[in-house]
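Undergrad: Order-wise, the sequence lines are chains A and B. The numbering used here numbers the first residue of the first sequence as 2 and each following residue consecutively. The numbering used here numbers the first residue of the second sequence as 69 and each following residue consecutively.
These are computed hints drawn from the structure, not numbers from a lab. Backbone N, C-alpha and C define an ideal beta-carbon position, used for all residues, glycine too. Warning: the hint list may mix true and false statements.
Reference listing, derived: stretches of chain B covered by chain A, where coverage requires no fewer than 3 residues with Cβ under 8 angstroms from a Cβ of chain A [said to hold, decoys possible]:
1. 84-90
2. 104-115
3. 141-148
4. 157-171
5. 174-181
To list a few chain A residues with every Cβ distance to chain B over 10 angstroms, as calculated [said to hold, decoys possible]:
6. Leu-53
7. Lys-74
8. Asp-121
9. Asp-132
10. Arg-149
11. Lys-161
Taking CB as the label site, the calculated pair distances span [to be verified]:
12. A/Met-142 - B/Phe-99: 46 to 54 angstroms
13. B/Glu-102 - A/Leu-75: 40 to 48 angstroms
14. A/Asp-39 - B/Lys-190: 21 to 29 angstroms
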Amino acid sequence: MATTTATTRRRRATKTPLEPTSREIETYDRPKLVVPVDPNRDHFQGPVKAPLTLVEYGDYQCPFCGAAYPEVKLVQKALGPKLRFVFRNFPLTNVHEHAMLAAETAEAAGAQGKFWEMHDFLYEHQETIGDHTVAQGYAVMLGLDIDRFESEIRQHVHVKRIKEDFMGGVRSGVNGTPTFYVNGLRHDGPAEAKAIIKSLTTKS
Amino acid sequence: MVLAFYPADWSPVCTDQMSLYAMVMTEFKKFNAEVLGLSVDGIWCHLAFAKDRKLNFPLLSDFEPKGDISRKYGAYKANIGESARALFVIDANGIVRWSQLSPDGVNPGADGILAALEQLNKPKT
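The shape of chain A in the complex, shown without the other chains (with noise of 0.2 angstroms):
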């Protein structure tokens, strides 16, 4: 008859409950998106009803985030339409002291409907991003109202939202940039089009 039940896996008991085993992974809950993609706040692109999301919290000083920028580009060409991408603000202020104005800089010309224009430029020319004037004369191209971008920007109007980005970032175990998060759980991959492909479309 039995009296006990399952007592059998018991530890050694030298072991401290901490140590390590190299099968951490086998249990390990990866971080989970806290904040879910809100349409009408976030910036996305590809159908708002996509099957797959992808999710980037990225820096525009950071020079991982520049190598990642082509490998977005190709996991959105070879997904389609069947993606929906979004960028998040990371901006990493201690190390990166253009982050926070770059980001500033692609949000204010997103208040005018060209935020990816914006994004996609500072990445493609990380290299200028410690000389505003060349973003600026960016915007000008882009037929944004320049005076409003500028005074948006020289008032730190959008300051708050990159700060929400952040904290709603940190909350969801973001721990460096670029952190992508594949159908809401957080990619611990290569930031490569293949695994972040792979991440996306594997049913877990």
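Given the coordinates of chain A, work out where chain B should sit on it, guided by the hints.
TA: Okay, now just chain B, sitting in the frame of chain A:
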């Protein structure tokens, strides 16, 4: 108190775990929490690293006897001679209230710590 064991200074990413905690410090402070980082790197290495990444909390050096503190917390990888990425949230009475060991190569971020601090600070009803 938040005690964060990590493998090594100078990891080659823009925001490693410690820089992230420096940026989230205002949130930790809301819970009255102090943060301590700990690895087996020496003091001079820590000083240079902390200066470069503008860290605003102390780094402890588990250098001599090497890994001694990490071992006591069960957060030492003897095979590679580094601390594991392990997090502990310790209350004012010195009791570990939350801990997490991350898989190899996975930087845990700050969400688990903030959730644990929130839980700890919940008004008792």
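Undergrad: Taking the hints in turn, state whether each one holds.
TA: Hints, verified against the model:
1. Only residues whose beta carbon comes within less than 8 angstroms of a beta carbon in chain A count, and the region 84-90 of chain B has 5; three or more means the coverage holds.
2. Evaluation of the coverage hint for the region 104-115 of chain B: breached, as 0 residues show C-beta separations to chain A shorter than 8 angstroms, against a requirement of three.
3. For the region 141-148 of chain B, the assignment as covered by chain A holds, since 5 residues bring a beta-carbon within under 8 angstroms of that chain's beta-carbons and 3 suffice.
4. Against chain A, the region 157-171 of chain B contributes 4 residues with a C-beta closer than 8 angstroms to a partner C-beta. That satisfies the three-residue criterion, and the hint holds.
5. For the region 174-181 of chain B, the stated coverage by chain A is satisfied: 7 residues place a CB nearer than 8 angstroms to a CB of that chain, which reaches the threshold of 3.
6. Distance check for A/Leu-53 against chain B: the nearest CB is about 23 angstroms away, which clears 10 angstroms, and the non-interface claim stands.
7. No beta-carbon of chain B is positioned within 10 angstroms of the beta-carbon of A/Lys-74; the least distance is around 20 angstroms.
8. Residue placement check: A/Asp-121 keeps its beta carbon more than 10 angstroms from all beta carbons of chain B (closest about 20 angstroms).
9. Distance to chain B confirms A/Asp-132 as a non-interface residue, since its nearest Cβ pair spans about 21 angstroms, more than 10 angstroms.
10. No beta-carbon of chain B is positioned within 10 angstroms of the beta-carbon of A/Arg-149; the least distance is around 30 angstroms.
11. Listed as outside the interface, A/Lys-161 is consistent with that label: its C-beta sits roughly 15 angstroms from the nearest C-beta of chain B, beyond the 10 angstroms cut-off.
12. For A/Met-142 paired with B/Phe-99, a C-beta distance near 47 angstroms keeps the hint of 46 to 54 angstroms intact.
13. The hinted window of 40 to 48 angstroms between B/Glu-102 and A/Leu-75 holds, with their beta carbons roughly 44 angstroms apart.
14. Look at A/Asp-39 against B/Lys-190: about 28 angstroms separates their beta carbons, and that is inside 21 to 29 angstroms.
Checked against the numbered hints above, the structure breaks only hint 2 and satisfies the rest.
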